[in-house]
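S.K.: Use the sequences and the hints to build the structure in full.
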Amino acid sequence: MEHSHAEIKKHVRKYIFVFVALMALTVVTVAVSYLHLTMTTAVIVALFIASIKGALVAGYFMHLISEKKVIYLTLAFTLFFFIGMIVLTMSSISDQVMMPHVS
Amino acid sequence: MQIPYTSEHHPETGLYNAKLGIWLFLASEVMLFGALFTSYILLRMGAPTWPHGWEILNIPLATVNTVVLIASSVTMVMSWASLMMNDFKKYKMYMGITVVCGLIFLVIKGFEYAAKFEHGYFPSTNNFFATYFTLTGLHGLHVIGGIIVNAYFWGPGSKMWKTEPQRFVNRIEVAGLYWHFVDLVWIFLFPSLYLL
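Here the protein sequences come in this chain order: A and B. So that you can map any letter, position 33 of the first sequence is 33 in our numbering, and since no number is skipped, the others follow by simple counting. So that you can map any letter, position 75 of the second sequence is 75 in our numbering, and since no number is skipped, the others follow by simple counting.
Worth flagging that the hints you see were computed from the coordinates, not collected in a lab. Source: prediction; values computed, not measured. Misleading hints may appear alongside valid ones.
Said to hold, decoys possible - Distance condition first, Cα-Cα at most 16 Å in a straight line; then the derived EDC-like pairs of lysine to aspartate or glutamate: (1) A:K68 - B:E8; (2) A:K69 - B:E12; (3) A:K68 - B:E12; (4) B:K116 - B:E55; (5) B:K162 - B:D87; (6) A:K9 - B:D87.
Unchecked claim - Some chain B residues near chain A, calculated using beta-carbon distances under 7 Å: (7) G14; (8) L15; (9) V30; (10) G34; (11) T63; (12) V77; (13) M84; (14) M85; (15) L177; (16) H180; (17) D183; (18) I187; (19) P191; (20) L196.
We put the CB at the ideal spot given by N, CA and C, even for glycine.
M.R.: Listed below in structure tokens is the structure:
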């Protein structure tokens with residue numbers, strides 16, 4: 001095995017820290033929602049917190065911070081198409097706005 | 001037939017094959033959930049009115065479910081760490097908790113769905129509920145899949161620990177990657193559907 005027991009114990013301490021951070025961020029997300037901010041602010045805050053939580057899960061639980069290059073390449077490839085999909089879909093909205101009378 | 005690189009690393013990738021395989025699968029899952037998520041944004045932006053999730057959905061229940069799912073992710077990674085430290089008993093305990101947490105999530109989701117149906121809210125009611133049931137339903141199916149796999153590795157599948165320990169540790173890591181992904185999807189679904 002690649003990892004020594006001492007290394008795994010260090011990992012375990014990190015997992016517990018991440019767990020506490022995820023719980024705290026969940027409380028923050030729910031608490032912020034009760035403030036009923038304006039829609040744009042609420043979306044930005046909610047997605048910002050969710051992104052931090054997602055990064056913690058992917059980085060530590062899924063060990064992404066110490067992964068091999070081929071996995072990063074796979075994910076970069078996926079991210080490219082994911083963003084492409086969103087941009088293409090959203091551009092259809094601007095089409096409708098610019099041509100309101102075309103049916 | 002001998003399956004290659006189940007425990008040792010492939011010389012080209014530096015990974016055992018199942019790990020690359022699960023990441024490719026998760027990449028396809030990103031596109032699946034991404035497409036539905038994009039559809040949700042498109043529907044919401046195009047709708048003249050859209051209800052706030054917190055007006056209709058049960059935030060306390062969903063918050064409990066978020067906590068349960070995050071806890072299950074921690075116990076999942078702890079089950080892998082226990083095997084890495086040669087502690088099979090602890091593995092059994094943590095994997096058992098992971099499965100139970102998955103089941104608790106489903107039961108709570110079941111109560112939530114039942115309450116919606118009782119009030120006459122179905123996927124056909126409006127775009128909001130169509131989105132809600134599709135996204136949480138697909139996520140729920142993923143949870144069911146994860147529970148089946150994890151329960152297998154807790155029970156009959158754990159025999160491999162005696163015959164091929166490294167391969168078994170790798171299997172748990174792969175099952176964990178899937179389970180964490182399901183948790184990750186929920187982390188985005190929860191605020192998007194319930195809190196905005």
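S.K.: For every hint, state whether the structure bears it out.
M.R.: Verification of the supplied hints:
no., hint, verdict
1, A:K68 - B:E8, "15 Å, holds"
2, A:K69 - B:E12, "11 Å, holds"
3, A:K68 - B:E12, "11 Å, holds"
4, B:K116 - B:E55, "13 Å, holds"
5, B:K162 - B:D87, "12 Å, holds"
6, A:K9 - B:D87, "12 Å, holds"
7, G14, "5 Å, holds"
8, L15, "5 Å, holds"
9, V30, "5 Å, holds"
10, G34, "5 Å, holds"
11, T63, "5 Å, holds"
12, V77, "5 Å, holds"
13, M84, "5 Å, holds"
14, M85, "5 Å, holds"
15, L177, "6 Å, holds"
16, H180, "5 Å, holds"
17, D183, "6 Å, holds"
18, I187, "5 Å, holds"
19, P191, "4 Å, holds"
20, L196, "6 Å, holds"
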